[in-house]
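K.L.:
Protein chains in written order, with my numbering: chain A, 25 to 101; chain B, 21 to 131; chain C, 414 to 914; chain D, 275 to 394.
Think of the hints as simulated: they come from the structure by calculation, not from any bench. Since the structure is predicted, the reported quantities are computational estimates derived from the model, not experimental observations. Don't be surprised by glycine CBs; every beta carbon is placed ideally from N, CA and C. Watch out, some of these pointers could steer you wrong.
[As the list claims (entries may be wrong)] Here chain A is said to cover these stretches of chain D; the calculated rule only asks that three of the stretch's residues, wherever they fall, bring their Cβ under 8 Å from a Cβ of chain A: (1) 324–333; (2) 338–347; (3) 351–363.
[Said to hold, decoys possible] Keeping only pairs whose Cα atoms sit at most 30 Å apart, straight-line, the calculated BS3-like set for lysine-lysine is: (4) C/860 - C/786; (5) C/443 - B/29; (6) C/786 - B/99; (7) D/390 - A/95; (8) C/869 - C/796; (9) D/328 - A/49; (10) D/382 - A/95; (11) D/382 - A/49; (12) C/852 - C/872; (13) C/580 - C/852; (14) B/32 - C/872; (15) D/382 - B/99; (16) A/95 - C/580; (17) C/580 - B/99; (18) C/860 - B/32; (19) C/443 - B/99; (20) D/328 - C/624; (21) C/852 - B/99; (22) C/443 - C/860; (23) C/786 - B/29; (24) C/860 - C/872; (25) C/580 - C/872; (26) D/381 - A/95; (27) D/328 - A/95; (28) C/869 - C/443; (29) D/328 - C/869; (30) C/786 - D/328; (31) C/580 - D/328; (32) C/852 - B/32; (33) C/580 - D/382; (34) D/390 - C/786; (35) C/443 - C/872; (36) C/796 - B/29.
[To be verified] Derived Cβ-Cβ restraints for the label pairs, each shown as a range: (37) D/382 - C/487: 56 to 62 Å; (38) D/299 - C/487: 43 to 49 Å; (39) D/363 - A/97: 25 to 31 Å; (40) C/830 - D/351: 37 to 43 Å.
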Amino acid sequence: MIEYVLMIIIILGSILSLMQRDLLKAAILTGIPGAALAFLYQYLLAPDVALTQAIVGSAIVPVFIALAVYKTRRVED
Amino acid sequence: MNLYDLIVKRIKDAQEADSEGPVTNVSTSAMLTAEITLISSVLVALIMLRLVNNVLMIVAVLVVLFAAVLAMPTMPRLKREMNDSINGMIFYVVLALVIVIALFYWGSLNV
Amino acid sequence: MNLLIPLMIIVPIICALFLNLLHKKDRTIKVIAILLALTLPLLPLLASYGVHFFGGYEPLTQNPTLSAGLPSLITGTALNTFHPAITYSFQEAQKLFLFILGLVAFLAILVSLFETRRPSGVYGFMMFMGVAAVSALILTDDIFNFYVFFEIAALATVGVVLVSQVKGNYETALKYMILGSIASPLLLLGIALLLGVTGNVNITDIIASLKSGVVDPQNPVILMACGLIVFGWLYGSGLPPFHTIKSAIYSKALPHGAALLQAFSVFTFIALGIIILRIFSYLPLSQMVIIGVSLLAMILGITMAILQTDLKRMIGFLAVGELGYIGLGLGLGTALGITAGLFQAVNEIVITAFLFIGFGTIYYQTGESDIRKLGGLMVQNSKVALLVLLAGFAMAGVPPLNAFQSKLLLIQASIQAGLPELGVIMILLSIVTFMTFMKAFHAVYMKPRPLDLEIKNDKIPRVTILALFIFLIVCLVLGLFPQVATDFLQGISTSLAGGIP
Amino acid sequence: MIMDTQLASLFTAGALIIIGIFAAVFLDNLIKKVIGLAFIGDGANLFLIAMGYKPGGIVYIYLPGMARDWFAQNAAYPLPFALVLTSIVIGASTMAVMLGIIMVLYKKHGSLRASKVLGE
Chain A
25 MIEYVLMIII
35 ILGSILSLMQ
45 RDLLKAAILT
55 GIPGAALAFL
65 YQYLLAPDVA
75 LTQAIVGSAI
85 VPVFIALAVY
95 KTRRVED
Chain B
21 MNLYDLIVKR
31 IKDAQEADSE
41 GPVTNVSTSA
51 MLTAEITLIS
61 SVLVALIMLR
71 LVNNVLMIVA
81 VLVVLFAAVL
91 AMPTMPRLKR
101 EMNDSINGMI
111 FYVVLALVIV
121 IALFYWGSLN
131 V
Chain C
414 MNLLIPLMII
424 VPIICALFLN
434 LLHKKDRTIK
444 VIAILLALTL
454 PLLPLLASYG
464 VHFFGGYEPL
474 TQNPTLSAGL
484 PSLITGTALN
494 TFHPAITYSF
504 QEAQKLFLFI
514 LGLVAFLAIL
524 VSLFETRRPS
534 GVYGFMMFMG
544 VAAVSALILT
554 DDIFNFYVFF
564 EIAALATVGV
574 VLVSQVKGNY
584 ETALKYMILG
594 SIASPLLLLG
604 IALLLGVTGN
614 VNITDIIASL
624 KSGVVDPQNP
634 VILMACGLIV
644 FGWLYGSGLP
654 PFHTIKSAIY
664 SKALPHGAAL
674 LQAFSVFTFI
684 ALGIIILRIF
694 SYLPLSQMVI
704 IGVSLLAMIL
714 GITMAILQTD
724 LKRMIGFLAV
734 GELGYIGLGL
744 GLGTALGITA
754 GLFQAVNEIV
764 ITAFLFIGFG
774 TIYYQTGESD
784 IRKLGGLMVQ
794 NSKVALLVLL
804 AGFAMAGVPP
814 LNAFQSKLLL
824 IQASIQAGLP
834 ELGVIMILLS
844 IVTFMTFMKA
854 FHAVYMKPRP
864 LDLEIKNDKI
874 PRVTILALFI
884 FLIVCLVLGL
894 FPQVATDFLQ
904 GISTSLAGGI
914 P
Chain D
275 MIMDTQLASL
285 FTAGALIIIG
295 IFAAVFLDNL
305 IKKVIGLAFI
315 GDGANLFLIA
325 MGYKPGGIVY
335 IYLPGMARDW
345 FAQNAAYPLP
355 FALVLTSIVI
365 GASTMAVMLG
375 IIMVLYKKHG
385 SLRASKVLGE
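Bound-form chain A, shown alone:
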């Protein structure tokens, strides 16, 4: 059951992050599908990939994007 919830979170989270006008919010919301993907990998019997994805998808990628947003501009023009 929980894996279906995770799939819905992934899809909705990705759409939500693309809909933000505030780019910093979009960057942080990118972490939601990333983390949900990590949990989904755990349910799909791939614990080692889940570990990597948890670090890359929910921490590194949002931080990179947030850094880029800090260095450029925060609100979409």
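Starting from the known structure of chain A, fit chains B, C and D onto it as the hints suggest.
P.N.:
This is chains B, C and D only, laid out in the frame that chain A set:
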């Protein structure tokens, strides 16, 4: 006014509308060569349709020939279409993706 | 075990990392870089043919000690012949390709060391890294390994463009990366579909399971995988719709970088093209698509090349257009056609590198590549002008030079396969290619010199002229004795054509 | 349930890829484009993972005391998982390079709109 002058005049008009640098002799003749190369190689390539059907080949060649003569300076348009803008590029990439997938998915079962 | 085979990838990677360590000791770096780059063409010549299994895991049939205690569930089935390791196979064709890649890389790096002021740094790193990645693309028999090095080659390409300091290079690099980020996950998706259906990433095993009927070859999932891999092929080699971005990439790199980058894309083209032919040759559609795309690339590339006003962009489009000749050879599917196509690939790499480095002297001298602002440079360096003219002759296919032999073979193959129209188109487009070249040549060397054109560097490095001479010698040798190259290609082309019913 | 887990994850992967392509085509902001491209990569990775999944199976770690045949029949297929590890890292590094270029271009053009920065 013979056909050659007509074609050159239309190409010059199209280039002036494009207005990218002065229209020189070299650029006009380059445009003319490109135009003729495009039409002739497409026509020769269409002859390969004879492997499918002879009548289809003749019809296709005639249709393309007429279309090419009617829409004569296609090259400036083609050049404008193939610019370096990212949106145009992504559009063509996705279009090509759709065509390739559709071709392989539905095409191979019936060829 | 043949230790020289992995060395062909390890040596350039070590060069890339090691030369950056010695930053700021320019003279030492120059000498070491030249010596190490010289090993790139020598290694494939010295290595003997063979197969290398990384980690030493051979298939069970070849290793009796490992298979001794295993149950018959494993040894009695197809599992016995599967390749558990990443397999690199080094045969005659790979020897030729790697030698040519090494030669072009050596000359490009040599010229770049003398033309750029700072020999160490990111530029050399990216060039060596790209060479390592492309060598792996040629050698590998593992389709996922292929994908990894494909991505590395794309990143190296971007790197070469980023450090070139040509105007507009960042924009072009970003466009290339955005398009690449759409195309390469889709290539990965195609690999994933193949893996899901056959359970394997080794190409030999995939073919074995398709041939033996373990997997239904007409399975729609496999057809979809073929489509996606073909799409990745379009991206990797710069066929339409990617021809605009690929030619822009060439024009935004420095000339020696562009000479190497076009070699990368041609090798990606043949490596992935051979994989497509090997796996999917039972689909008649795959060959038709290869022919169609190649025709489109030839027509669009060459007609767009005439219209350009930027010298490097013009040669970039010509390089894309010439890819079409190789594709036609591969798409014909006969042994002669594939030999001719691969031979044309080798010739094209040499000739386009020749042209890029030859016209690169103009950029080196004036810092200008717009042909409307150039002219009258024949006086400055008539020797280089003569060499560039010979390169143009080679590209158009004038007899004693190499492209004549391969284009002749291609036309013969197309007539033999019952498609003489392709031969007609090839001749037509060769003429237009030559006209494009002459337009550039006239504009640069023969037109009266514009008043505001200033010469920044009067003297061309002697190394550049030496590199051009080496290219000319290769062109002449391959033109006079085409058997030198075609003998190496015979084996692979008969085995590829054998898959066609 | 209407769908089994494997099929549902394949559909999720397809949806992620389509969302990513949609973002790359229609969104004009460069950072949004990059986020969309990251989703395409995630979709391809999820696809590979779903290929290796075995309904009702166990994790592919061979513990002492397991029967060999039982393990061989029940474990998930580990090859795609090993591939995804590489692919995730490649995706992250590609994205980092793209964001770096975007920062440079922002300094030059003062805008993040793709049609302005990358047009013509």
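K.L.:
What are the numbers of the hints that this structure violates, sorted from low to high?
P.N.:
Of the numbered hints, 2, 5, 9, 14, 19, 22, 27, 29, 30, 31, 36 do not hold.
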